[in-house]
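Trainee: Chains U and R: place on chain X using the hints.
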Amino acid sequence: MVKCQINYPTPNLTVMELDGRFDRNTAPQLRRDILKLAREKGAREIEINFSNAVCTDTCCIAVMVEILRAVLKQGGRLKISGIDDNTARMISLSQLDEIFKNVVVTDKK
Amino acid sequence: MASTDLIAIRGLNSFYRGRQVLFDVKFGIPKNRVTVIMGVSGCGKTTLLRHLVGLKHTDSGEIMIEDEDLGGFSESQLMAYRRRIGVLFQGGALFNSMSLRENIAVPLKVHTKLAPETIRIMGLMKLNMVGLSDFCDFMPSQLSGGMRKRAGLARALAMDPEVLFVDEPSSGLDPITAAGLDRMLLDLRETLGMTLVVVTHELESAFKIADQIVMMDKGMVMAAGVPEEVRNSDDPRVRQFLSREADPMHVNMDSYYEHILKRGK
Amino acid sequence: MVNLIQALGAFGINRILSLGRFGIFFLYTVRGLFVPPAKLLPIAKQIEFIGSKSFSVIGFTGAFVGMVLGLQGYYTLSKFGSEGWLGSAVALSLLRELGPVLTALMVTGRAGSAITAEIGIMRIEEQIDALECMAIDPYSYLITPKFVACIVALPLLTSFCTVVGILGGYLVGVELLGVSSGAYWDGVNTGAVWSDVYLGIVKSFCFSALIIWICTYKGFYAGVDEGSFGPEEVSRATTNAVVISSISVLICDYVITSILI
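Residue numbers (my numbering), protein chains in the order written: chain X, 1 to 109; chain U, 1001 to 1265; chain R, 2001 to 2261.
Same shape as in the complex, but just chain X (with noise of 0.2 angstroms):
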């Protein structure tokens, strides 16, 4: 199972931390809660910590496109942090770069 931290340290800033497999059982689960969050209020930032969760297939670059229509829609803003360098080359396979461009934050790992 993934578990999903919500944080909100500014009113207008929401971070999840996902901690756990994100694969193609746990997505359905995660991609609800994670989308009710994204569509819930007006315009704000969210970020997306996958710093201690593992993506094991494509259903997982799926379900971050979709929450990042959700995020666009409502007007505000996605970053994605903390993805390991398989995904990364996951999301450049699809040729996804350009749609993530500025939401994946790979700083650190």
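Incorrect hints may appear among the rest.
[Stated by the list, open to error] Subject to a maximum C-alpha distance of 16 angstroms in a straight line, what follows is the list of computed EDC-like cross-link-like pairs (lysine to aspartate or glutamate):
no., chain 1, residue 1, chain 2, residue 2
1, U, K1056, R, D2225
2, U, K1218, U, D1005
3, U, K1113, X, D33
4, U, K1113, X, D57
5, X, K79, X, E98
6, U, K1056, U, E1075
7, X, K36, U, E1117
8, U, K1109, R, D2137
9, U, K1026, U, D1005
10, U, K1031, U, E1228
11, X, K79, X, D23
12, U, K1031, U, D1005
13, U, K1218, U, D1235
14, X, K79, X, E45
15, U, K1208, U, D1235
16, X, K73, X, E45
17, U, K1026, U, E1075
18, U, K1031, U, E1075
19, R, K2045, R, E2118
20, U, K1056, R, D2129
21, U, K1109, X, E17
22, X, K3, X, D19
23, U, K1026, U, E1062
24, U, K1113, X, D23
25, U, K1056, R, E2118
26, U, K1208, U, E1228
27, U, K1109, R, E2132
28, X, K79, X, D57
29, R, K2039, R, D2137
If you are wondering where the hints come from, they were derived from the structure by calculation, not from laboratory data.
Mentor: Frame of chain X; chains U and R shown alone:
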């Protein structure tokens, strides 16, 4: 090497309608590597592939999948094994009544509880990998053979398989698309750590992508090893295949005469 | 001589083997009901294909058979001066025999052949192998929805055929030939009792299972025995499926009638 073999084939004999088509085949398929099975048409490559994916019953010999014999699998074990593999058939084997995107969605719909929208995006991603995202709403009958084959590959990849079996990836493709496909197979190995088993008779592409080459002739393994070993093999049949010499007449003359004489009766 | 005996033995063994396979095919199909994937939508789609798209064909069949029955019945009955029985004659023949049999034959020709061809093409193009390699049970995914749909659709089509037929008989008998309307409906009411309706329902259920069983089986094993997977195998399978289904329907009709009458 042996310890990292994902699949080990030992002494496999195979019969088709009373005729033996595979003779004591044995080799290993190492994990995270590209194994290319090569040989002239009719040498038993496709039969071997059908054995490996469990479509053909093992008559004698063993196919060990991580130390368990495929021949002794229970139905649920076989199903579990098949969820880990992807197979591209020669003709693509797309479902005619569905568009490309629906085709790719089939395994995802059956095996996962993902939302339709997630499945749609995944389908587009897979189609994009094979360069067909513009054609997602086309029906298979509206596409050329090469495109159907690539779409079949996209479908085989839908479940992110650990092992991908590919039957003749580049036959019927133009050289440029074929080269792109080879590049993609290598990408898959590197990025997703996939194990690939590719059946082909295209020399050039075989040597480009292979980590290991298994050369077959008349149902027997002639040579198996890294490309360099095979390239330097002394076996006359291997040399002949590599230098693309025409086959000397190896027709069984006795049976030829018998056929001719029987007609006269 | 030895060859002949050998051939005869081989023929016998092959027949028994394929009969066994035919039975196992049915068991797998039934098991398919209880295995995922969910089948509601596919079943609905198949009901549309087998059922609602057959409406016009069945309507025409029913109407004209009813009209012919009205015509023939009138001339036969009028010889004995009992035209009043026309209603029950038409209703009974349709309910007990013609409705179920003709509907089954028409559905075999229209939907059964298409189903055999569809599954046969999937077989020769390795699509069924592809399904298996995706860890999808081809019986559950392909065959079971068609089975359920046919068993739902055929009895409904049969009753539609019968009703249209009775109306057709009315059209000819009452409107054209001048039997009194009251006598016709009274004949239908008194002539046809529950046991007649019951016989028709039992028949149409049996026929529906029979034709869909044969048609899907023939498609599923198209070219497997011959070991060749060319288009001609599909056409052969389709022809076989239609011929065997039609004959089985007629034989089954006799058997059920002799048991239940």
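Trainee: Kindly indicate which numbered hints from before are broken by the structure, ordering the numbers from low to high.
Mentor: 2, 10, 11, 15, 17, 18, 21, 25, 28
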